[in-house]
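Peer 1: Following the working numbering, the numbering of the sequence shown begins with 1 at its first residue and continues without gaps.
Quick caveat, the hints were computed from the structure, so don't treat them as lab data.
Beta carbons: idealized from backbone N, C-alpha and C, even for Gly.
There could be a bad hint or two in this list.
As the list claims (entries may be wrong) - With beta-carbon atoms standing in for the labels, derived distance ranges:
no., residue 1, residue 2, range
1, 85, 48, 20 to 30 Å
2, 109, 16, 34 to 44 Å
3, 86, 109, 29 to 39 Å
4, 41, 117, 23 to 33 Å
5, 32, 113, 20 to 30 Å
6, 136, 24, 33 to 43 Å
7, 41, 129, 47 to 57 Å
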Amino acid sequence: VLLALGFGSSMLAFRPTLMLTLPNMLSDLNLEAVAGGSIMSICQIAYAVAKPMMQAGSDGFDAIQLLLFSQLATALTFLLFPFANSLWQLQALGCILMFSQAPHPPAVNRLVATNFKIDERGFALSALGATANAVSCALPVLVTLALGHMGTWSAVFVLIGLVVALCALLQG
Numbered sequence: 001v002l003l004a005l006g007f008g009s010s011m012l013a014f015r016p017t018l019m020l021t022l023p024n025m026l027s028d029l030n031l032e033a034v035a036g037g038s039i040m041s042i043c044q045i046a047y048a049v050a051k052p053m054m055q056a057g058s059d060g061f062d063a064i065q066l067l068l069f070s071q072l073a074t075a076l077t078f079l080l081f082p083f084a085n086s087l088w089q090l091q092a093l094g095c096i097l098m099f100s101q102a103p104h105p106p107a108v109n110r111l112v113a114t115n116f117k118i119d120e121r122g123f124a125l126s127a128l129g130a131t132a133n134a135v136s137c138a139l140p141v142l143v144t145l146a147l148g149h150m151g152t153w154s155a156v157f158v159l160i161g162l163v164v165a166l167c168a169l170l171q172g
């Protein structure tokens with residue numbers, strides 16, 4: 001259950017949240033729409049580089065510590081986003097966010113591989129996949145509602161940062 005909670009919480013802090021809040025970010029910083037493309041491109045490149053590196057290098061780390069590092073670094077990055085006041089700062093934080101997220105899948109996969117017997121892994125992986133899918137489906141509605149009720153993207157980012165940190169603390 002805690003592993004699924006952590007996996008689901010990582011979905012909150014992933015690219016969909018950036019995409020959903022990007023118009024508000026750009027508007028608040030008086031940036032043009034093309035700046036959003038550069039932010040998302042840098043995020044994608046950073047993740048494309050970081051995830052395989054983390055996958056290959058994850059054997060040298062304790063899986064729980066790697067997972068907690070990923071979640072806490074993600075939470076901290078989300079808490080820093082509201083302080084950004086320029087395009088390069090948003091790009092840098094997006095890059096840091098993707099590098100923070102990259103250790104998450106290898107850590108989760110290794111936890112499943114080491115804590116579940118071979119004939120039990122299918123259920124564990126299915127539960128994780130279902131959690132990720134459920135959060136991904138609910139995310140657009142939740143972020144849109146949060147933006148409507150909280151009024152600013154920065155408040156939503158603080159909330160997400162706190163939720164991800166709480167999930168990490170529950171797992172730790």
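Peer 1: Now tell me, hint by hint, if it's right for this structure.
Peer 2: We went through each hint and held it up to the structure:
A beta carbon spacing of about 27 Å between residue 85 and residue 48 agrees with the range 20 to 30 Å that was offered as a hint. Look at residue 109 against residue 16: about 21 Å separates their beta carbons, and that is not inside 34 to 44 Å. Between residue 86 and residue 109 the C-beta distance comes to about 37 Å, which sits within the given range of 29 to 39 Å. Against the hinted window of 23 to 33 Å, the Cβ-Cβ separation of residue 41 and residue 117 comes to about 42 Å, which falls outside the hint.
With their beta carbons about 46 Å apart, residue 32 and residue 113 fall outside the hinted range of 20 to 30 Å. Separation of residue 136 from residue 24 is about 20 Å and departs from the stated range, judged on CB atoms against 33 to 43 Å. Taking 47 to 57 Å as the suggested C-beta distance range, the pair residue 41 and residue 129 does not conform, at roughly 27 Å.
Hint check: violations occur at hints 2, 4, 5, 6 and 7; the rest are consistent with the structure.
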